[in-house]
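Each residue of the sequence shown is one higher than the last, beginning at 1 in full-length UniProt numbering.
No lab work stands behind these hints, which were simulated from the structure alone.
These figures come from a predicted structure and were not determined experimentally.
Treat the hints with care, since some could be wrong.
[As the list claims (entries may be wrong)] With a straight-line cut-off of 30 Å between C-alpha atoms, the simulated DSSO-like cross-links for lysine-lysine are:
#1 K541 to K384
#2 K252 to K346
#3 K252 to K384
#4 K31 to K311
#5 K31 to K142
#6 K63 to K86
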Amino acid sequence: MESNLFQKAVTTVKELTTDQSPSTAEILIDKLIAWKVEFVFGLIGDGINPIMEALRQRQDQIKFIAVRHEEAAAFMAAGYAKYTGKLGVCLGTSGPGAVHLLNGLYDAAMESTPVLAITGAPFHDVLGTQYTQDVDMVSLLKDITVYNVMVNGPQQAQTVVDLACRTALMNPGVAHLCLAKDVQKQSLAKDEASKDGENLRGSSTFMPRVQVPSPDDLAEVAQLLNEGKRVMILAGRGALDARAEVEQVAEKLAAPVAKALLGKAVLPDDSPYTTGGIGHLGTLPSQQMMEECDTLLILGSNMPYVDFYPKAGQARAVQIDHDPKRIGLRYPVEIGLSGDVRATLKALLPLLQTQPDRRFLEVAQQRMADWRQSLSEVETGDAKRIKPQFLVAEVSRLLAADAVVALDTGAHTVFAARHWQIRPAQQLALSGNLATMAPGLPYAIAAQLAYPGRQCVAMVGDGGFTMLMGELATAVRYQLPVKIIIFKNNSLSMDYYEQKVLGYPDFGADLTTIDFVKIAEACGAEGYRCTQKEAVVPTLKKAFGNTQPAVIEVLVDPDQAPAAPDKVLENTFE
C-alpha cells in the first residue's frame with residue numbers, strides 16, 4: 001500500500017515537472033513582454049504568487065518594481081504612461097492590495113492615461129462566499145475601466161491580455177485583468193479549449209489610431225477661424241505633441257495661446273505666442289485675452305474652470321479633441337472635430353489665412369511682459385521668510401534643460417504653475433483632473449526609471465509627501481537619484497485658505513511638524529534643510545549635484561496665498 005502511494009506521488013511529481021506548457025501567469029507575463037512593457041509596479045502578496053514567480057523567471061526581460069504601498073504602484077504606472085505615452089502596468093494582490101490601487105487608477109482614468117491593472121483573487125471556488133480577501137474587483141473597477149475582465153484560464157488569457165493592452169492604448173484609459181490564484185498557475189495543456197475558442201489567439205501588434213476630420217469639416221473650421229478678428233487658442237494635454245503646429249496656427253491667426261496646466265509643456269513659457277496658464281492657477285493676461293476674444297480654438301483641453309472661458313455668446317468656438325464626449329462640454333462650440341490634434345492641425349494649416357491685423361497678439365505680448373515683471377517683483381520681495389514663489393523661481397532657473405518634473409497637489413501647485421518657466425525639452429506630470437495628493441514622489445520615481453539619464457524632480461507639499469513618503473525607500477532600493485523638494489509650512493494651506501474665504505475658522509488644516517531630513521536619512525537618502533532665503537540657491541545646487549536620492553526640506557512662508565490671477569499682487573485668496 002505504501003509502495004503504491006509512493007509511486008503515485010512520484011508519478012504526480014513527474015507530471016508536474018515534465019509539463020512544459022505555460023501557465024496562465026506565464027502567458028500573462030510573456031504577453032506583457034511582447035507588448036514591450038518595461039516595468040510592472042506592485043507589491044507582493046499570496047494572491048499573486050504565481051504571477052510573481054513568472055516575473056522572477058523573466059526578470060532579464062521585464063522588471064518588477066517593488067513598492068511600499070499599492071497606491072504608489074498605481075501612481076507610478078500612471079506617471080510612467082503620462083511621461084512616455086507607453087502602457088503603464090501595476091499589480092496588486094487579492095483584496096486589500098487590489099483595493100489600494102484604486103486612487104491611482106482613478107488618476108489615470110480621469111486623464112485618459114493607458115494603464116493596465118492586474119489584480120489577484122482567492123481560489124476560484126470560494127469567490128462569492130465571503131471568503132478572506134474576496135473583493136469583487138471587476139465590479140469595483142467598472143466605473144473607470146475601458147476593459148475589465150475576470151480571467152478564467154490560460155486559454156482565455158491568450159486572447160484577453162492582448163485585448164486589454166490594445167484597448168488601454170487605443171481608447172486611452174485603464175484596463176483591468178483579475179485572476180484567481182489557482183487560475184494563475186493552471187497549465188495551458190490542462191485547460192481544454194471549447195469548440196468556439198480552440199483557434200482563438202490574440203496579437204501584440206498595435207498601430208496608434210490617427211484620426212483626421214473630413215476635408216469638408218476642415219474647410220468649415222478654416223472659414224470660421226479666418227473670419228475671426230481676435231482669435232484665442234486654449235491648448236491642453238491633447239496638444240502636447242503638436243507644438244510646431246500650434247505655433248504655426250498661432251502665427252497665422254495672430255492668436256495668443258493660453259495653456260491648461262496639463263498642457264503647460266505644449267509651448268515653452270518664453271514663447272512669444274503664449275500667455276501662460278489659464279484658470280485659478282493661471283495668469284492675468286490669459287484671463288484678459290479670454291475676456292476680449294471673439295473666436296476660441298480649443299485644442300485637446302478639458303480645462304474645467306468655466307468661469308475662465310469667454311462669456312456665453314461672446315465668442316464663436318471650435319474644439320478639436322480625440323474624445324468626442326468632451327466636445328462642447330465646457331463651452332458651447334459651433335464646430336467640434338473628433339480627431340488627433342496634431343494631424344488635424346497639419347491638415348488645417350494650408351486652409352488658414354494669415355491675419356494681417358496683429359494687434360490682439362501684440363496686446364497679449366505686452367501684457368505678458370508686464371505680468372512677468374510683476375511676478376519677478378513678487379519673487380524678489382524683501383520678505384525675510386522664504387516665499388514659495390521665490391523657491392519655485394530659483395528651482396526653475398536651476399533645473400536641467402531637459403528636466404522631468406512631477407507636481408503634487410496643494411498650494412505649492414499654484415506657485416509652480418505660475419513661477420516655473422518651462423523650457424522646450426522639459427516635461428511635466430501632475431494629477432490634473434482627480435487632483436489627488438500624494439503622486440509627486442511616485443511620479444518622479446517612474447520618470448527616473450523611464451529616463452535614467454535625465455534629472456527628475458518632484459515639487460511637493462509636506463501634506464502630500466507624508467502620505468506616501470515610504471516610497472523614498474523604493475527610490476533608494478533602485479538607486480534612483482530623484483530630487484524631492486518639500487514646500488514645508490506645517491499646514492494643508494490650500495484647505496486653510498479655502499476655510500478662510502468661506503468664513504470658517506481654521507480647523508484641521510495644521511500638521512504636526514516632521515523632520516524630513518531624518519526621514520530621508522532613515523530611508524538611506526540624502527537630506528537637506530533650508531530655513532533662510534540666502535541658503536536656498538546653494539542648497540539646491542548641492543542637492544541637484546548629488547547622485548543619490550535626495551530630499552530638500554524648505555520652510556516656506558505660510559502667509560503667501562495661492563491667489564487667483566487677478567489677486568496675485570494683493571496676496572489674497574478669494
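We went through each hint and held it up to the structure:
Of the supplied pair hints, the one linking K541 and K384 holds, its CA atoms being roughly 21 Å apart against a limit of 30 Å. Distance hint between K252 and K346 is fulfilled; the C-alpha atoms sit about 13 Å from each other, no more than 30 Å. Taking the CA atoms of K252 and K384, the gap is near 47 Å; set against the 30 Å cutoff, the hint is violated. Only pairs whose Cα atoms come within 30 Å are accepted, and K31 paired with K311 is rejected, the gap being roughly 50 Å.
At roughly 24 Å between alpha-carbon atoms, K31 and K142 fall within 30 Å of each other, so this suggested pair holds. Our distance criterion of 30 Å between C-alpha atoms is met by K63 and K86, whose separation comes to about 15 Å.
Hints 3 and 4, counting from the list given before, are not met by this structure.
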